[in-house]
Amino acid sequence: MRYALLVQGAPYSSQASHSALRFASALLVRGHRLECVFFYHEGVYNAARLAAPPQDEPHLYDAWCALNAEHGTQLQVCIAAALRRGMLDEREASRHGKHGHSVEPPFELTGLGQLIDLGQSVDRLVTFAP
Amino acid sequence: MILHILNRPPSSSLVYREALAAMSDTDRLLLVEDGVLGALTSQVRHFQQVEGRLFALREDLHARGLEGQCDASVQVVDVDGFVTLTEEANKTVSWF
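Top to bottom, those sequences are chains X and U.
The working numbering applies: residue 258 is where the first sequence begins, and numbers increase by one.
The working numbering applies: residue 98 is where the second sequence begins, and numbers increase by one.
Just chain X, with the same shape it has in the complex:
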């Protein structure tokens, strides 16, 4: 089956990201495909490229990137939720006259419409909220 996950919890604040990653691993092991993880609300902080957690703690950012590298999972971030929280890719940073950027590939800023499309195109959409 084709799955997508919706993550609404900030990393290291709630269990949502950890639960979603654990579920992602399990569904891949069972032979399903994980098309996309969509980050919304405070979940957009999962895309912070400068995240540097202590080495003896799970590195959520790297874990998301690994999903993309190993399984082709798209990592989409709601642009409206991201911009107001200071999560900007290079293009948006330049458009808003900001120095530096906080989001880079494989994460991509995208519209909420993408989430609607996802909900209609995948077999299962599972939400992990704070």
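The set of hints was computed from the structure by calculation and includes no laboratory data.
These numbers come from a predicted model, not from an experiment.
Be a bit skeptical, because a hint or two may be false.
Unchecked claim - List of simulated lysine to any residue pairs, SDA-like, C-alpha gap at most 20 Å:
{"hint": "1", "chain 1": "X", "residue 1": "Lys355", "chain 2": "X", "residue 2": "Ala305"}
{"hint": "2", "chain 1": "U", "residue 1": "Lys188", "chain 2": "X", "residue 2": "Met258"}
{"hint": "3", "chain 1": "U", "residue 1": "Lys188", "chain 2": "X", "residue 2": "Ser378"}
{"hint": "4", "chain 1": "U", "residue 1": "Lys188", "chain 2": "X", "residue 2": "Gln371"}
To be verified - Computed Cβ-Cβ distance ranges for the label pairs, DEER-style:
{"hint": "5", "chain 1": "U", "residue 1": "Ala119", "chain 2": "X", "residue 2": "Asp374", "range": "21 to 29 Å"}
{"hint": "6", "chain 1": "U", "residue 1": "Thr123", "chain 2": "X", "residue 2": "Ser378", "range": "23 to 31 Å"}
{"hint": "7", "chain 1": "X", "residue 1": "Arg342", "chain 2": "U", "residue 2": "Val112", "range": "23 to 31 Å"}
As the list claims (entries may be wrong) - Partial pick of chain X residues on the chain U-facing surface, computed with a CB cut under 7 Å:
{"hint": "8", "residue": "Gln272"}
{"hint": "9", "residue": "Arg279"}
{"hint": "10", "residue": "Val383"}
{"hint": "11", "residue": "Thr384"}
Here a beta-carbon is modelled for each residue, glycine too, at the ideal position from N, C-alpha and C.
Following the hints, position chain U against chain X.
Coordinates of chain U only, in the frame set by chain X:
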């Protein structure tokens, strides 16, 4: 059949009532994260209406030192079983 996923215990949130009110006679309820507290014998009475269709996530019970303290009426599943539950359902709804 819809799989409802609840991550709040009855002791700290009333959202479980909305979940129960939204459930059909065949829907299932999976307790995850802090929601697994609802699977304890002292709290499981809140879920009487879905007896036989109530599940709790083993990893979240274990993380809270509650494995083995689940009420006998609750079916404990690991994350693999969580995936199976989503396979068997037409869709999932998360309550939080």
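Tested hints:
For the proposed pair X/Lys355 and X/Ala305, the alpha carbon gap of about 16 Å is at most 20 Å, so the pair holds. Straight-line distance between C-alpha atoms of U/Lys188 and X/Met258 comes to about 12 Å, which keeps the hinted pair within the 20 Å bound. Our distance criterion of 20 Å between C-alpha atoms is met by U/Lys188 and X/Ser378, whose separation comes to about 13 Å. Distance check on the hinted pair: U/Lys188 and X/Gln371 sit about 19 Å apart at the alpha-carbon level, within 20 Å; holds.
Between U/Ala119 and X/Asp374 the Cβ separation comes to about 25 Å, which falls inside the hinted range of 21 to 29 Å. U/Thr123 and X/Ser378 have their C-beta atoms about 26 Å apart, which keeps the hinted 23 to 31 Å range intact. A hinted range of 23 to 31 Å for the beta carbons of X/Arg342 and U/Val112 is consistent with their spacing of about 25 Å. Hint status for X/Gln272: holds, given a least beta-carbon distance of 5 Å to chain U, under 7 Å.
Proximity of X/Arg279 to chain U holds as hinted, the smallest CB-CB distance being about 5 Å (cut-off 7 Å). Because the closest C-beta pair between X/Val383 and chain U is about 5 Å apart, less than 7 Å, the hint holds. Residue-level restraint check for X/Thr384 holds (minimum Cβ-Cβ distance to chain U is 4 Å; threshold 7 Å).
Violated hints are absent here; each numbered hint is respected by the structure.
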